[in-house]
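In the order they appear, the protein sequences are chains A and B. First residue of the first sequence: 1390, per the working numbering; consecutive thereafter. First residue of the second sequence: 164, per the working numbering; consecutive thereafter.
Watch out, some of these pointers could steer you wrong.
Among chain B residues calculated to face chain A with C-beta under 8 Å, some are [as the list claims (entries may be wrong)]:
#1 Val197
#2 Ile201
#3 Phe206
#4 Gly231
#5 Leu238
#6 Ala241
#7 Asp253
#8 Ala262
#9 Leu275
#10 Thr277
#11 Leu279
#12 Gly290
#13 Asp317
#14 Val324
#15 Ala328
#16 Leu409
If you only want the chain B side, here are some residues facing chain A, beta carbon under 8 Å, derived [as the list claims (entries may be wrong)]:
#17 Ala219
#18 Val233
#19 Glu285
#20 Leu310
These aren't lab readings, by the way, just hints derived from the structure by calculation. Even for Gly, the Cβ is constructed at its ideal location relative to N, Cα and C.
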Amino acid sequence: MTTLQLFMYAGAFILVVGVAATLLVRDLIRRLIALNVASGGVMLLWLALADRGDGEPDPVPQALVLTGIVVMAAVTGIAIVLARRVEQLDDDLEEVEQ
Amino acid sequence: MTVIAFSDVDVLDVLVVAAVAVTAILAIAIPRRVGATIAFLVFGLLLALLWARVAAPDVAIAEAALGGGVAGALLVDALHRRQPAQPKRDHRRAVAITAVGAALGAVTFAALATVLSRLTAEPADLGPLALEAVERSGVSHPITAVLLNFRNLDTLLEIAVVVFAAVGAAALSRDRIRTVTDPGPVRRVIAVIIVPALVLLAAWLLVAGTSEPGGAFQAGAVLGAALIIAHLCGVRAARAAGGRALVLVVAGLLAFILLGGIGLAVTGTWLALDLSWAFAAILSIETLLTVSIGVALAMLFLAAGSRDDAAAADSAAAAPALGGAA
């Protein structure tokens, strides 16, 4: 097993763990963290793939990972705003029920 | 099937990978938000070590500024909110769901591992092609060439995602963004020292990106961090909200679309750049993108951090009563 294979399998493992938790966890913020963990796994997998061979690493996957980091930050931002909105509406609903 | 031997692998690599895997599991398994967030931040930090091992300094810079910086700030900022009590699930049902999830996860991992084990050690054809074409792109750094020339449609769509996220977040929390009224002397001094340094760093990352690691994404992330710090230190002008911020964010997207149109008019291909003006076009669009991304990230942070104080106090007061009722 080479170092890159180790990184690839670790990336796949983290991806699977993150996706499973994204689907199973019910707390919204924790679900968002799980999604971020999954994206970390994808990045590790892809950057290891980009670094195969002896020469310079393949710039295409690296560029796509960079794009992914920015998109993930934007998604995290709007998801936190939406999560707060949902929780506030739930709070309001509970108050009404009382 | 080769026997898995760790003899070829550095012990330190194994340790870091194991630590990454453990923190990933902790980040998803800890039931309290605070613990999960801390585990996630450590996870991001350890990942940055691995980026150095796979020769990806651009990703490491972006991850440090965005993954650990802005996203970390967003998540930590969300911690002050009360974690709503989860409705109690039947214990047996919870165990069953976890077991099914673990089983499906194991199957998925096995499938992925099978695919990975059949990959050749040879790099894909696209990499050498891209590296070969760098000299015809207008910039000398391969990743910037890919992002702003060969695959600039991806970057155009990415900036569109960022703009939509910023506009959406701002629309959802328009009236609740608070201004920091009295930052105190310490924070004022911090603003005077750190903010200009960060703006300078962003400008350097932007220009350096044409020939070495760096570029619009990293510069935008640093600029976003500078705006957030300035806002928290009470600098009014740095408040990334309202129409002015919106114009700056949308300008990057519109300029990129305009550049695509110019490419169509001059070269006959949508978004294509001619070598004679590619460098100027890339640097100008990167400058606009930096401002766009920076302001958008600051907008997202302000929108996510905004809070309705009255409602928060109400719900905090209502919490014990709810606990009693349940």
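Right, here's what the structure says about each hint:
Interface restraint check: Val197(B) against chain A, minimum CB-CB distance 10 Å, threshold 8 Å, status violated. Hint on Ile201(B) is violated. Least Cβ distance to chain A is approximately 10 Å, over the 8 Å limit. Interface restraint check: Phe206(B) against chain A, minimum CB-CB distance 6 Å, threshold 8 Å, status holds. Hint on Gly231(B) is violated. Least Cβ distance to chain A is approximately 11 Å, over the 8 Å limit.
The interface hint given for Leu238(B) holds, since its Cβ lies 7 Å from the closest Cβ of chain A, which is under the 8 Å cut-off. Nearest Cβ of chain A to the Cβ of Ala241(B): about 5 Å, under the 8 Å cut. The hint holds. For the restraint placing Asp253(B) at the interface with chain A, the shortest Cβ-Cβ distance is roughly 14 Å, beyond the 8 Å limit, so the hint is violated. Hint on Ala262(B) is violated. Least Cβ distance to chain A is approximately 11 Å, over the 8 Å limit.
Against a cut-off of 8 Å between C-beta atoms, the interface hint on Leu275(B) holds, since the closest Cβ of chain A lies about 4 Å away. Annotation: interface hint on Thr277(B) violated; nearest CB of chain A at approximately 10 Å, more than 8 Å. Against a cut-off of 8 Å between C-beta atoms, the interface hint on Leu279(B) holds, since the closest Cβ of chain A lies about 5 Å away. Taking 8 Å as the C-beta cut-off, the interface hint given for Gly290(B) holds, the closest approach to chain A being about 3 Å.
For Asp317(B), the suggested interface contact is upheld, since its CB lies about 6 Å from the closest CB of chain A, less than 8 Å. For the restraint placing Val324(B) at the interface with chain A, the shortest Cβ-Cβ distance is roughly 5 Å, inside the 8 Å limit, so the hint holds. About 4 Å separates the beta-carbon of Ala328(B) from the nearest beta-carbon of chain A, less than 8 Å, and the hint is met. Interface restraint check: Leu409(B) against chain A, minimum CB-CB distance 15 Å, threshold 8 Å, status violated.
Because the smallest distance between the Cβ of Ala219(B) and any Cβ of chain A comes to about 5 Å, under 8 Å, the interface hint for this residue holds. The restraint placing Val233(B) at the interface with chain A holds, with a minimum CB-CB distance near 6 Å, inside the 8 Å limit. Interface hint status for Glu285(B): upheld, as the beta-carbon distance to the closest one in chain A is roughly 6 Å, under 8 Å. For Leu310(B), the suggested interface contact is upheld, since its CB lies about 5 Å from the closest CB of chain A, less than 8 Å.
Figure legend: structure checked against the earlier numbered hints; hints not met, in rising order: 1, 2, 4, 7, 8, 10, 16.
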